[in-house]
Amino acid sequence: DIQMTQSPSSVSASVGDRVTLTCRASQGISSSLAWYQQRPGKAPNLLIYGPSLQSGVPSRFSGSGFGTDFTLTISSLQPEDFATYYCQQTNSFPYTFGQGTKLEI
Amino acid sequence: EVQLVESGGGSVRPGGSLRLSCTASGFSISNHYMAWVRQAPGKGLEFVANITPDGSGKSYVDSVKGRFTFSRDNAKNSLFLQMDSLRDHDTAVYYCARDGPRSGPDLDYWGQGTLVTVSS
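Chains as they are written, first to last, in my numbering: chain A, 1172 to 1276; chain B, 10 to 129.
Since the hints were derived computationally from the structure, they do not count as laboratory data.
The structure presented is a predicted model; accordingly, all values stated were derived computationally and were not measured.
Glycine included, C-beta positions come from ideal geometry on N, C-alpha and C.
There may be inaccurate statements among the hints.
[Claimed, not checked] Quick partial rundown of chain B residues pointing at chain A, CB under 10 Å, derived from the structure: (1) Ala44; (2) Leu54; (3) Ser68; (4) Phe89.
[As the list claims (entries may be wrong)] Here are the simulated DSBU-like pairs of lysine-lysine, each with C-alpha atoms no more than 30 Å apart in a straight line: (5) A/Lys1213 to B/Lys67; (6) B/Lys85 to B/Lys67; (7) B/Lys52 to B/Lys74; (8) B/Lys85 to A/Lys1273; (9) B/Lys67 to B/Lys52; (10) B/Lys74 to A/Lys1213; (11) B/Lys85 to A/Lys1213; (12) A/Lys1213 to B/Lys52; (13) A/Lys1213 to A/Lys1273.
[To be verified] The calculated label-pair distances, taken between Cβ atoms and stated as ranges, are: (14) B/Ser65 to A/Ser1263: 15 to 23 Å; (15) B/Gly64 to A/Ser1226: 22 to 30 Å; (16) A/Ile1276 to B/Ala49: 21 to 29 Å.
Just need the whole structure built from these sequences, with the hints factored in.
Following this line, the structure appears as structure tokens:
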């Protein structure tokens, strides 16, 4: 199985900050990666799939990377962005997730 | 409006069984792969299983193979996860999710989840 590792496990930031979260795959997965946001007590929400921003997701979110190293960048943090973020490889079954990065105020 | 509603969770002893249901509205499941994803309390996400649009193909993560069975009734726009021989580590919130139109699992809609607790 492909292992996904996210760093850091948690990060503190302020409203207006630019934040970059990292995800690394244990083997090359081309651009087959998705990012999800999960707020406490809620289901995950798809943000980015491959190179594309999901419909309805604010443009302050962006993703990049190819092969084994990927990043999710939030250009200017808003209060509603404080949540946990998961990457998921969509290259091969089982479609493993990273352990998550908790973004805290 | 697309909605997915899970039901059937609850508490069960190790070795017991539960059957989860997921009812979809606002779209036809017959056009989509569908998936179950679980999340143990305070932990991350685990992709459990998916199923092809016609139900002929199913894939399971190794930890549930031979114990869980994913099925669907397209006429009723519903999905089911039969969970047998449950173990402590199956304790989790189970989410039903729609696989969107793109190649690969873009899980674009999720239910609210149903909690399964396996404990003696």
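Now the hints, each set against the structure:
no., hint, result
1, Ala44, "holds (8 Å)"
2, Leu54, "holds (4 Å)"
3, Ser68, "holds (5 Å)"
4, Phe89, "violated (19 Å)"
5, A/Lys1213 to B/Lys67, "holds (27 Å)"
6, B/Lys85 to B/Lys67, "holds (19 Å)"
7, B/Lys52 to B/Lys74, "holds (21 Å)"
8, B/Lys85 to A/Lys1273, "violated (38 Å)"
9, B/Lys67 to B/Lys52, "holds (25 Å)"
10, B/Lys74 to A/Lys1213, "holds (27 Å)"
11, B/Lys85 to A/Lys1213, "holds (26 Å)"
12, A/Lys1213 to B/Lys52, "holds (14 Å)"
13, A/Lys1213 to A/Lys1273, "holds (14 Å)"
14, B/Ser65 to A/Ser1263: 15 to 23 Å, "holds (20 Å)"
15, B/Gly64 to A/Ser1226: 22 to 30 Å, "holds (28 Å)"
16, A/Ile1276 to B/Ala49: 21 to 29 Å, "holds (26 Å)"
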